[in-house]
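Student: Sequence:
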Amino acid sequence: MEPTGAWDRERTEAFLHSETIPLRLSCHTRADALWMLSLWYRYRDGALWCATSAEADVVDYLAGDDRVAFEISTNQPPYKGVRGNGTASIEPDSDKSLLKELLDRYLGGTDSPLADRLLSPDREEVRIRIEPSRVYTWDFSERMASSVPEDPR
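Throughout the sequence shown, residue numbering follows full-length UniProt numbering, covering 1 to 153 in sequence.
Zero decoy hints are in this set.
Between beta-carbon pairs, the in silico distance windows are:
hint, residue 1, residue 2, range
1, 142, 66, 32 to 42 Å
2, 108, 14, 12 to 22 Å
3, 146, 109, 33 to 43 Å
4, 18, 69, 16 to 26 Å
5, 18, 38, 16 to 26 Å
6, 136, 77, 12 to 22 Å
7, 119, 20, 18 to 28 Å
8, 121, 78, 40 to 50 Å
9, 112, 146, 33 to 43 Å
10, 18, 112, 14 to 24 Å
Hints were generated in silico from the structure; no laboratory data involved.
Glycine included, each C-beta is placed from N, C-alpha and C at the ideal position.
Using the sequences plus the hints, can you model the full thing?
Tutor: Here it is in structure tokens:
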């Protein structure tokens, strides 16, 4: 992954490792309509990894067309982030290890009603591996500096 835009590879990877913003994923449905959804992610070995139910519509959509676009960006100013496109592949997460990693990353652990529901033995889980082809970064920190109130913390 060699990004274009505001950041080099090291800064891009630091952002992807540190931010706990859901990834917005765009794909094509079986009817070739566009579909977008948000998923928790983890960046590892040059790929973005997400987990979802094996029954989720996106699993069927990606089986029909593996081309995707994605964005991980801040929701509060100053705006910055990573977007791109690539291909997605699906594989089982039978021991739910990726899901557990994501629960730790986004919720701080697996001790919650949501975690209990997602980790239910009755729920089949899969991993979505997004292999980026093109990555673009942006960071409006400098140009928005005078427009963003200082954090009082």
